Each structure stands twice: as structure tokens, then as C-alpha cells.
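Student: Now for the letters of each chain:
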Amino acid sequence: MNPLLIPLLPLISFAAIIFFGKWLKEKSAWVAVSASALSCLVSFKSIGEVIGGRNFHEAFTWILINRIPIEFGISIDPLAAVMLFVVTFIGTMIVVYSVGYMHGDPRYPRFFAYLSLFLFSMLGLVLSSTLVQIYVFWELVGLCSYFLIGFWFEKKEAAEAGRKAFIANRIGDIGFFLGIITFFYATGTMRFVDIQPEFIQAQAGSAILTVSALLLFCGAVGKSAQFPLHVWLPDAMEGPTPVSALIHAATMVAAGVYMVARLFPLFHACPEASQIVAGIGTWTAFMAAFFALTQMDIKKVLAYSTISQLGYMIAALGVGGMTAGTFHLMTHAFFKALLFLGAGSVIHGAGVQDMREMGGLRKSMPITFWTFVVATAAIAGIPPFSGFWSKDEILLSAIGSDHRIIFWILMITAAMTSFYMFRLLFLTFFGETRGKRAPHESPAVMTVPLIILAIGAAGIGLLGSPWAHHWIQNFLAGHPEEIQMNSFVATISIAASAIGLLIAFIFYILNPDLPKRFAKKYWLLYAASSHKLWMDEMYQATFIRWFKQIARFSFKFDEAVIDRTVNEVGRKTVWTSKIKNWFDQYIVDGLVNLTGRLTQMTGAVLRLIQTGYIHNYLFVLLLGVLIIGYAVFNT
Amino acid sequence: MTTFGPLAAISCYAALLGILTVAILTVTVRNLFHAAIFLAFTLLGVSIIYFFLRAEFLAGIQILLYVGAIMTLVIFAIMLTSRIGDPQVPQSNRQRIPVFILIAISAFFLIGAILKASWKTISTLQTTNAVELGKALMGEFVFPFEVISLVLLIALIGAIVVARSDP
Amino acid sequence: MNIPILSWLIFLPLSGMLITLFLPRGRHNTIRAVATIITGLTLLLALRLVCIFDLNTSQMQFVERAGWIPQLNVFYHLGVDGISLLMIFATALLSFLACIASYGIRERVKEYFALYLLLEVGMMGTFLALDLFLFYIFWEVVLVPMYFLIGIWGGSRKEYAAIKFFLYTLAGSMFMLIGILALFFASNPHTFNMLELGQNTFTLRFQQIIFLALFLGFAIKVPIFPFHTWLPDAHVEAPTPISVLLAGVLLKMGAYGFYRISYPILPEGARWFGPAMGVLAVIGIIYGGFVAFAQKDFKKMVAYSSVSHMGFVLLGLAVFTTTGMNGALLQMFNHAMITGGLFLLVGVLYDRAHTRDLDAFGGVWVKMPVYGGILVFISLASLGLPGLAGFVSEFMVLLGSFAVYRWMTVAACVGILLAAAYLLYMIQRVLLGKQNPKWSQLKDISIREIITLLPLMILILAIGVYPKMILQYMTPTIQALVGVLGGNPA
Amino acid sequence: MMAIPLSHLLVFSALLFLTGLYGALTRRNAVGILMSIEIMLNAVNVNFVAFAGMLNAPPELGQVFVIFIIVLAATTAAVGLAIVMAIYRNQKTIYTDEIDLLKW
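Just so you know, the protein sequences line up as chains V, B, X and D, in that order. Residues in the first sequence are numbered consecutively from 1, following our numbering. Residues in the second sequence are numbered consecutively from 1, following our numbering. Residues in the third sequence are numbered consecutively from 1, following our numbering. Residues in the fourth sequence are numbered consecutively from 1, following our numbering.
This is chain V alone, in the form it adopts within the complex:
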């Protein structure tokens, strides 16, 4: 079966639902489910072939630039295979989950149309063979994200959030776009198959390459919500929860990471760029984790946690751990999707998003609770759950490449991660019920994907464990690598997780008053965290305000200066023509009028003869005849 089917199936599903959604109604969900499931099956086959060592590449010429063909095509290598697996598998799970979650929505078919379109775009992105193609699908996933965030567009916040996401992404994308152009000028190619270490290394050292790497990274900053463009992702939580799980946790936001991993040889050849990448990743990881500590909205916590984890991946890529970053991408996709779906299940069951109104859901929602526990353990880095292995890998590559500061910051972040995740778990599922309405467990169509994902979140990390001989790392690197499990790193990592868990336990189970006192005592710190360092407000007060002012000013300028000049020229012309008119009227025309008036006066005299009586006229006629006759006869 042709891998072309992988993105094509969701596209067909999209077209079918968009055009026939009116008739399909509830059935449109199953169109989407079957399309994604089939696409998943086809992709498994392709992945199998890649594992067997046969990479896939097929392309056609899209346009010719300077007689260099720019191609569109499909290429599957190990990196793409991993992403393919994540996207199709988790995608299918989430589509199934949505069948239950979105039940009863007035725009039910449209939701699945968007989901299908997203899957198509995401798969196109993953399978891209050139930079232009990745950009094309990059924008398309952004578009789907825009649609899905603003899915409940009657809510002003949702519409605003969608736009914010799109614009923030656009800012990054402009960098990406310029990066593509500069890269093309620096190297003359856009094909990923050409971007091999040897090829790039040959041109290393040129400033334009570094610039292009940084510009390309801008795209990742936007899409993967890195500092300073991270502000859109928390707002994106206005979208339906499955969307948050699929797009804003598992797949799309990871596209930035995927892109950097794709271009890894380029970044590897530009150490300055790599440093910046690592720095931004680390700072984002830390900052987002810090914000997550005090959030009260269950989805906001998860959103910041996503940003933080993405920071981890970016940092990993920055310090040279390409396999580590990709590995974390995969594990994170599983547990974060699970977390979001769990949160969705909680929201579905409890009807609220604020954790202060939850609590004690453990008994009423057992399946959700247990899968949530698995996911929390995974993200907190408790062995042997998946997060532990990949996070360990990242820390290892940080220390391995001698980035000590980054290592320690990431370690602290790990502790914070553990703390806020367990805080979330305790606040939601433990203690007494604070909600107003009776919570209930979600239907099977939602819980089954939870269970499947929980199995994945628990076990997927083992692929990269010493027990599997670091299979995933070897697969990604394309050759067997000797990776030593560093017991020092592992120990500290486990300790950090444990500390986080312990503090959360003390704060929220043993002594529930402690957080409040703590917040009062360190109020500045608390406010900084809960207000996200006031970055939204800062942007609002600076860039956005400036932007609007420039727009208003330009318009004023247009009206008051440019248009006024035009009108002024017109008015001056009218003015001069008025002078000319005066001259014309009184001098030139005066002469004419004088002639006319003379004629008139003569006429006034002559009209006295004009009696209007026919016999007078006849008389004169006769007189005339006589005179003429006299004249004739006299000659």
C-alpha cells in the first residue's frame, strides 16, 4: 500500500464531511474514525518497512526556481516514522474519544471535519520531503489549530484565543519563511535528503547559515510555544479538550521540535545557533514549570506543563541530544495526551475546570483516576514509567555535552514538574468533594482510549531503556550507539521527582492550609507565577498597543496627509480655476456679453415693428416686393 494513502485518507474524510456533513450528521464521526484508523494501519506498515531499513522517498516537481526544482513529496525515515506512529496512533485514539466528548454539539460534523483536516496536515508535515512543503503543512496545521481553538466561536475568549494563536504562530512563521529563503540561498536546496551532516558541514562557518538556522528556529519558537511566543498556548485551552490533547499537547506543538530535529545537521553545524536554541529551551522549561505551580484551571496547568516539556525537548536538541529530544517527544505525546483526555473526562464528569471546585473524584471516576495516576507518574519521571526514561536521556545529553547550568536548571524543573503534577492529582481526585454537581464516570467510548493510552504511557518508555538495549535511540540515529546509563543522573532525577511528590503531598494532603500561608508569605513569587510574569499584560501594553497605534496612525496619516494632499491639489486647482473663471466671466465673456447686449438693445428697438399681426407683415411684404420690383425694372 502506498504511503500516499496515509495523509490522503483523512483528507478524503475531511472533504466528505465538509460537503456531506448535513446528511451524515452523527455518522460523520465514524467517517473520521475509520479514516484515521485506516491511515494508522497503513502507516504501521510503512513504519515496519522503515524498521526493516527501507526508507521511502517519492517526490514531484512543484515549481522551478532558478531552474532548481522545488519538490513536493513523501519521505519516510526513522524520525518521520516515530512521528508518524505518534500522530496516527494518538490521533486515532483522540478521534475515538471525541465521539463521546463532543456528543450533542450543534456543530458536531464540522468538528470531525476539522480533526480530519488536521490529521491530513499533520501527516503531510511529518512526511514532508522539502522545507517548502513542511512550511505549507506547517501553516495548515496552524490553520486547523485556529479553527479548533475557535470552535466555540460564540465565546469571545475562544475567538480571541484562536486569533492570538494564529498571529503568534505567524510571527514565528515569518522567521521560518525567511529562514527557508536564506537557507535556499545559502545552500541552493530545500530537500531534506540533501541536508546531511557532510553536506552542511561543507558550508559551516558562513554567517548566513547561522542566520538561517536561527530564523528557522523562529518557526519552532512559534509553533512549539517557546519563550517569548509561548503566550498563545495557555489561551488555546479555550478549544475543546480533545483538541487540546491532540493539537496542543501531543502533535502540532511538537512539530517545532520535529522540524528542528529534521534540520539537526544544520543546527549541529552552527554551534552559536545551537547555544541559543538550548538556552531558550531551558528557560522555557523552567519558566513554564514555574507558572504551572500556581494555576487553578486544570487545563492551564497542563498547558504550562506542555510548554515546559517542549522546552525540555528543544533544550535537548540544543545540547545535541537529537535522539533524546525525539524520544521525549514520543513519550510526552502519550502521557500528555492521556493527561488532557483525563482532564477532559474530569471536565465532562464534573462540569467544571477549576480545580478548587473538584476534589474527591477518585471514587466516582475510577478509570479516569487510575489512568491519570499512570500519566502523572510518567510526566513526573517516576521509574519505570515512560517519562523517566526520556527525561533521563535529555539530562544525560546535557551533562554529556558539558552544559552544567542547563543540566541543573532542568533538574530543578523536573522537581517542579513533579510537584505541580501531583498537586493537580491531589486537588482533583483526593480530599472531599467540593463540586456542586454529582460527578459521573465517562462512557466507554472515552475510557477505552484512556486505557489504551495509559498502557502506552506506562510502557512506551521501555523502548529506550537499557532492557531494550536503547532500541529507539539506535533506530533514530540510524546506527547502534553505545549509551551508558549514568547512575548519577538517574539517582538525582529520581530524587528530584520524589522531592516534588513529597512537597505536594505535604501541601495538599497533610496540611491543606499550608499553600495559602505560603502564598501570603512569598506573595511576590506567588503573584509572579500566577500572573505568568505579567507577560500577557506586557505584550498588551507594548507590542499590541503599538501595533494598533501604528495602524490608527497610518490611517490618520492616510486621511490627513496623503488624501488631504490629493484633495488640496484638487481644491487649489478649483481655486485657480475660479480666478480664471472670474477673468473669463468679466473680461473675456464681458466682451462677448457686450456684443450680445448691443444686439439686444437693437432688437428691443426693432421689435417694435414686430407687431405680431399678420396683415402688417403682409403689408411689409408687399412693400418689399414693390421696392425690389422697382430696383429690377430700373436697371
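Please keep in mind that the hints were generated in silico from the structure rather than gathered at the bench. Remember, predicted model here, so these are calculated numbers, not experimental data. There could be a bad hint or two in this list.
To be verified - With the C-beta cut set under 8 Å, the calculated list includes, among others, these residues of chain D facing chain B:
| no. | residue |
| --- | --- |
| 1 | V11 |
| 2 | F12 |
| 3 | S36 |
Think of the CB as a built atom: it goes at the ideal place given N, C-alpha and C, for glycine as much as any other residue.
On the provided structure of chain V, position chains B, X and D as indicated by the hints.
Tutor: Here is chains B, X and D on its own, set in the frame of chain V:
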């Protein structure tokens, strides 16, 4: 040079004088209806002149058309426009005297010119008949004849249109 | 092929105009049908032309030449190459679609369609003429019906807008006329023939002056910042179909003038002015985007977005590379499709709500789902979403310009961001948000209106997915032109 | 045998014509004017007939024109009287010195 018997000649001159007299009466009498009667006599007189000149066909037409048709029209018009016999109403306007002077001057010149001219007349009176006239009309003068007939038609329509009471 | 297909393209609408003039005044449906059939036949002719067009040559094709005013060496001289072909196709297509969209005109229908067809004659002639004199005449022929179409069927300030449009563009064409006459007298032998003029060599100083004169004429039409202010007024006041043609075709006439006259005849002058044009283009892109963002009137916003998008055309023109100029030409075509579509959509909404105030709407998508979908689709094309037409041309323009003007390209990229900002802001204000109860009675877009939009959407998608389809028509001609310009042939 | 010379006939017709002219110029009544015009036309006809009989030319020539003139006189009378009727209806008079529509 036309020759008549003396009686015929005398009666002819008498006719000419009579015609002039009724014509003058036609243009001067106050009562318009009377003027119309005098006009009829004038026209009849002219037809008599035609007889003298041996143009019998024309004389017939003259009587039929003028005395028969046109006079009827004129009398109808007079009847329809009232205020005929009112002696209070002057029937001629104020330029009578100047007109008369002009006419007199004209007459003086015209008669002078006529008498002064040397007319190349032939000895015998030429005559013709209806057949010749008909041939001339349908032969040499067929085009003006057709035009005239068209004019007549147009005048007919025009008269109807103009005289219709509502536009 | 023996029929003079190019003459037919001009005289078919002309005959349509005459037929319309002889139809009885009250028979609105007959008049509409005649106009639709005539524009439809013209479109079929244009399609036929596209089919039989030879892709492998940069020469003029289907040339027709006949003496006209022999004393002045003026010829009735028509021809088509890769540059004009696209414009002719766009003109025929938009004329047809806008004709269908004109069914909403209910006053003085006969005069409207007569003028409308005359407008098409002028537009076709402008793109087909190879004789400067003929070109100038058709150029002015466009002006007159446009003046009446805005001035009679326009909105509340129609007289002001029509007069402004007319005088402004007339002032521009005056400069153009001076340039044309100067070219005539400077050439040896005296000729108005564009192709022969291209073989003359003029001194640099002469080229600079004449280029400036022609530039003013074309720049006002494009319109290039700061000559753009007639555009928003004219757009806002013009009836919907006329806005479509104004944006879709008339603006292209200016840019087409660069391709057809300024560049081949005055290559050195063009090169000398290149950087200045680039700067104006970038200012136009950014400035237009910012001003569009500040608009409250839907149509005005689209009008300013035209200023921004036409800036890309100028930027591509200013770089003298095949990529850039290909991109600019493609951008002209795409802009015709996209902005034409946007204006049609504004018209659809205006017909129902009788307002264009963006803030007055909200939540329209709920009541008009199909309309919302189409509006989003075309807006996305306009903001340069990859996979749709606008992206390809902007990408090519920027790729082409980067080699020449680096920082200008970077600045122009901001324009892409601005496009996203103002279009999404528009979508949010019109379609999204809480449903305004005032518009709860809105009917969704009708079949007729969909028919006017569907061809545009198909083309936008097709070009976006497979641009080679349309690039193949223009590449040989552009390459030859770049060769003449002595620019980077790559 | 007495002869009536052509000149005598011409003098007669001239006098008849002038009589008609006098009437046309002095009559106040429109119908009167029309009648005077008929007299003038008859004077002309007399002239024609006299010429036809006494000059060296085909006699039909003069007489045909007389026929034409009679026809035209008839049309003049018809149209003229129709106009008189119309004027009378509109102006309530047919006295020419009470009608100055020609004056602007």
C-alpha cells in the same frame, strides 16, 4: 390677337368689368356672408372668361370646384365663426389707406409694364380639349400630377387633424 | 485558426453593448441574459485562446495588424504573449462572474449593462494592444464607463468618489501620454509600435525621464503608495461587481504597463529606478497592511489590503529576476481572483445587511455557514496560506527579491503578518463571537452567488496546489523580458 | 369683328389680382383673407388661360397648370379654413388684429 364678333366682344368687356366690380365688392363689403356671395359671382365670372377663351373644360372645373366645393367650405366656415353681420364690428383694419396707396402704385407700374411690353401673340386662338389635357397630365406632367395628388392627400389629413376638436 | 480571435475578444463585448442599447428599456431579464451570454462567450473565447496558446515561445502570438491612421504610423495592432494571456483570461473570467453578480442592480439596468460591456471592451483592448496609440485609447475607454458606473450606481458619496477616480487617473494618464508622445518622436523611424520601440536604444537620461512619466501613469493605476487614496473611496462607493472589476482588472492594468511598455522599451531607466520602486513597494505593503487593520468598513479594509498586495507585485517587478517577475505576474493574477472574491463576498453580506460596518456584525457564521466557509477560505488565500494561490506568488516574489534587496524582503515579510492580523480580525468581527440578534434573519448565500464564487475558489486552490499549471504560460515570456532587462536571468 | 388684345386681358387679371391683394391686406376676418386669396389665384389662372390661348406654345401647358392651381387652391381653402377653425376654437376670435401669436 383674339377675334370675336362685336357683340361677343362687348359682352366680354362687360363681363370683365362686372367681374372686377364684384371682386371689389367681395373685398370691401362689411357683411362677410355677402362677401362670400360676391366671391361666388366673381368665380362664376372667371369661368365665363374661360368660355370666351375657348377653355371649356377649365370653365367646367372652375364652376364645379370653386363655386361648388370651395364656396361651400367658405360659407360653412363663416357660419361656424359667427359675429358676421354685426355692423358694429369693422371689417377692415387700419392700414386700409396705406394699402390702397401701395396697390395703386402697383397697379400703375403693372399696367404700365403690361402695356409697354410687346407680346408675340399668334393670330388664331389656340384651343385644346379634355383628351389632350388628360394626355398631358398622364404624360409629360405625370410627375407633378402625382405630387399634387400627394399634396392633396396630405392636406386632407392635415385639415382633419387640425380641425379635430380634441387633440 | 483563421478567425481573428483577438479582435473577436474586443468586438464581441462591443457588439453586446450595441445589442443592449437596442433592447427595450423595461426588459431587464432580457438585458441581463444578453450581457451574461456575451460575457460568457467572451470567456469561452479566452479559454479557447488559452488552449491554443503556444507554450514554447516568448514571441507575440495571434498577431493582427492593419493600418489605421497611416499619417501618424498608427496601427491597429493586437497580439498576445505569456504576460497578457493571463490578464485576458482574468478579465474574461471576472467580467463574466461580475456580470452574474450584477443581477442585483435594479435601476437603469439597460444603461448599466451597456456601460459594463463597454468597460470590458476597454479592458480587453488595453491588454491586447501592441500599438501605444491604441493602448492609450483603450486605457481611456476604460475610464469613462467606470466613471459612470461609480457615479450613477454607487453609494452615498458616489459623485465625490467618481470624480476623484476620474481626475486622478486622468492626471496619471496625461503623464503617460506625454511619455508615449516622447517615445514616438524620439524613435527612428517614428512609430507607436511597442515591439519596434523596444529595438530602439535611447540615452539613459531620456529613459529616466520617460520612465518617470510612464511610472506616474501606471503608479496611480496600480496604485502605488502614495498615489493610492483614490482606491478606497472608489471601492467603497462602487457597486459590488464594479469593485470586483476595479480590483481584479483595473489595478492590473498599471502593473501590466510596466511589463509591456516601461520594461522592454526603457530597460536602463527601469534598472535605475528599481531600488526606488522596491522601497515604495515595501512601504506600500506595510503601510497598506496597517491601514487595513484600522478600518471599520469592510470594503475599505479590502481596498487597503489591495494596496498591500499590489505592493508585492511592485516588489517582484523591482528585482529584475525571473523568479521575482514570475511571482509578481502570478501575484497579479492571484490578487484578481482573491480580491475579486472578497469583494463579491462583501457584496453578498451588504445585500442582506445593508451595512459594511465590521463592528456591527458578529456571529454571522451561525446563520450563514456556507458563506462563512467561503469567506474564511478566500480570506485565508488572501493572507497567504500555503496550499492556496496567494502563498505561491508571495513566496516567489520574496524568494526573488531576497537575492537583490535583503532588508526590504525582511520588511516585506511583515506584510504577511499584517495580512493575517487584519483578515483574522475581520473574520472575528464578522463571523465569530456572539450572534448579534439584529442579524438573526440573515439568509445564507444563494446558489447564484455561489456560482460567481466557485470558479474563483477552484482556481485559487488549483494554483496553490499546482502552480506549474499557470506558471508554464508565463515563464518563457518573462525569461525573455529579463534577458532584455539584462537582469539576473536566473 | 372686334378683338380683345392679350394686354387687355392681362390688365384685367392684374387688376383682379390687386383687388384680391387689397382684400388680403385689409380684411380683419381670417375667412375674408382666405376669400381674397382665392380671388388672387383666379387672377393668375386667367393669365395662364390667356397665355395658353394666345402665345405660341402648346395650349395644354398653360391649362394643365391651371388645373394644378385649382387643386392647390382647394387644398389651401381646406387647410386654411381648418386652421381658422382651430384658431377660433383656441382664441375665440378670427380677427387677425386680435391675434398676435407671432409676436414673441
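Student: Of the numbered hints stated earlier in the document, which are not met by this structure?
Tutor: none
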